[in-house]
Amino acid sequence: MYENNLEGKTRKSKKRRLKGKKNRRRLSPLIYFILLLIILIVFLNYFGIFPFSSNILSYNRINMLIVGCDEIENQGRADTIVLLSISPKTKNVLILSIPRDIRVEIPERGMDKINHAYAFGGKGLISKTVSSFLDIPINFYVIVDFIKFVNIIDELGGVEINIEKEMHYIDKAGGLNINLYPGKQILDGEKALQYIRFRHDNLGDLGRIKRQQKLVEALINKMMNLGSVTKITQILEGLKTYLETDLKLQDAVALANLFKGVSQDKFIIETVQGNPVYINGISYLEPDTIEVQKKVKSLIYGPK
Numbered sequence: 001m002y003e004n005n006l007e008g009k010t011r012k013s014k015k016r017r018l019k020g021k022k023n024r025r026r027l028s029p030l031i032y033f034i035l036l037l038i039i040l041i042v043f044l045n046y047f048g049i050f051p052f053s054s055n056i057l058s059y060n061r062i063n064m065l066i067v068g069c070d071e072i073e074n075q076g077r078a079d080t081i082v083l084l085s086i087s088p089k090t091k092n093v094l095i096l097s098i099p100r101d102i103r104v105e106i107p108e109r110g111m112d113k114i115n116h117a118y119a120f121g122g123k124g125l126i127s128k129t130v131s132s133f134l135d136i137p138i139n140f141y142v143i144v145d146f147i148k149f150v151n152i153i154d155e156l157g158g159v160e161i162n163i164e165k166e167m168h169y170i171d172k173a174g175g176l177n178i179n180l181y182p183g184k185q186i187l188d189g190e191k192a193l194q195y196i197r198f199r200h201d202n203l204g205d206l207g208r209i210k211r212q213q214k215l216v217e218a219l220i221n222k223m224m225n226l227g228s229v230t231k232i233t234q235i236l237e238g239l240k241t242y243l244e245t246d247l248k249l250q251d252a253v254a255l256a257n258l259f260k261g262v263s264q265d266k267f268i269i270e271t272v273q274g275n276p277v278y279i280n281g282i283s284y285l286e287p288d289t290i291e292v293q294k295k296v297k298s299l300i301y302g303p304k
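According to the UniProt record's numbering, the sequence shown is numbered sequentially starting from 1.
A hint or two may mislead.
As a list, the in silico DMTMM-like pairs of lysine to aspartate or glutamate whose alpha-carbon atoms are at most 25 Å apart [claimed, not checked]:
1. 89 to 101
2. 222 to 270
3. 214 to 112
4. 148 to 105
5. 295 to 135
6. 89 to 112
7. 91 to 154
8. 214 to 135
9. 148 to 190
10. 222 to 160
11. 297 to 101
12. 297 to 270
13. 191 to 154
14. 128 to 112
15. 184 to 166
16. 214 to 251
17. 297 to 135
18. 294 to 135
19. 222 to 154
20. 266 to 217
21. 184 to 135
For the record, the hints were derived by calculation from the structure and aren't laboratory data.
Using the sequences provided together with the hints, build the complete structure.
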């Protein structure tokens, strides 16, 4: 597995470029979620529950946009934006994380933070925005409602997490009340949501992403040890209320079979980066869009 950064354009500024720590053994939490869903579908398919065929593997390249938000019905904020791109032929996988503060052109809205596209126009506008920004087609989308998704933790009876430090933060306007203490413990859905939403320390979003990864790994371990087809089926049915996608069931099954044959060295993890800027008192990350597009196309289609 490889991890690199797409460089933002150089500016003469004393402000530091935002840098992420390399993490070679972990995938994005949303990717873990999708892989978990696919694994469950394959498990049910093994027992003959989903006898469907698919033509998704005829694609030269499958580009899937994965968005994690805090509310699907009312088009809440998009907290996590990830492009998952895979070649059915070579089985090369690109996982591209796009920071929510990246400043881009939103169709019919002008320049703004990329995550605002979802609030402005839902899945359609954010798909169009990402497609335009990266200059590649988006074939499928998956929208995950994080707030509802953690309800599955209660259905599982909670998950064990070793909380690394005290976490306290109150935002009355945002309805956020985080109150956690360090140590190994069983988190219910509400506490788990507090854990993955906390980002008010020196690590900021980087720390939040790592905590999301820990939580999803704990979820996977819990679900893989259920040992009951009936229980897994119930959980899978519940997942339908936590996500929205145009990916058909038979296509997900085909993708699952494809992922089974993908080795870790086939994964490339990239993060779009930009220089921190302030415009009209609002902080953004300013990318070098042309260079980002060149890099992404090289990773997806190969160097020219």
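Hints versus structure:
no.	hint	result
1	89 to 101	violated, 34 Å
2	222 to 270	violated, 29 Å
3	214 to 112	violated, 31 Å
4	148 to 105	violated, 30 Å
5	295 to 135	holds, 11 Å
6	89 to 112	violated, 37 Å
7	91 to 154	violated, 36 Å
8	214 to 135	violated, 33 Å
9	148 to 190	holds, 10 Å
10	222 to 160	holds, 9 Å
11	297 to 101	holds, 22 Å
12	297 to 270	holds, 13 Å
13	191 to 154	holds, 10 Å
14	128 to 112	holds, 14 Å
15	184 to 166	holds, 12 Å
16	214 to 251	violated, 28 Å
17	297 to 135	holds, 8 Å
18	294 to 135	holds, 9 Å
19	222 to 154	holds, 12 Å
20	266 to 217	holds, 21 Å
21	184 to 135	violated, 45 Å
Going through the hint list in order, the structure does not satisfy hints 1, 2, 3, 4, 6, 7, 8, 16 and 21.
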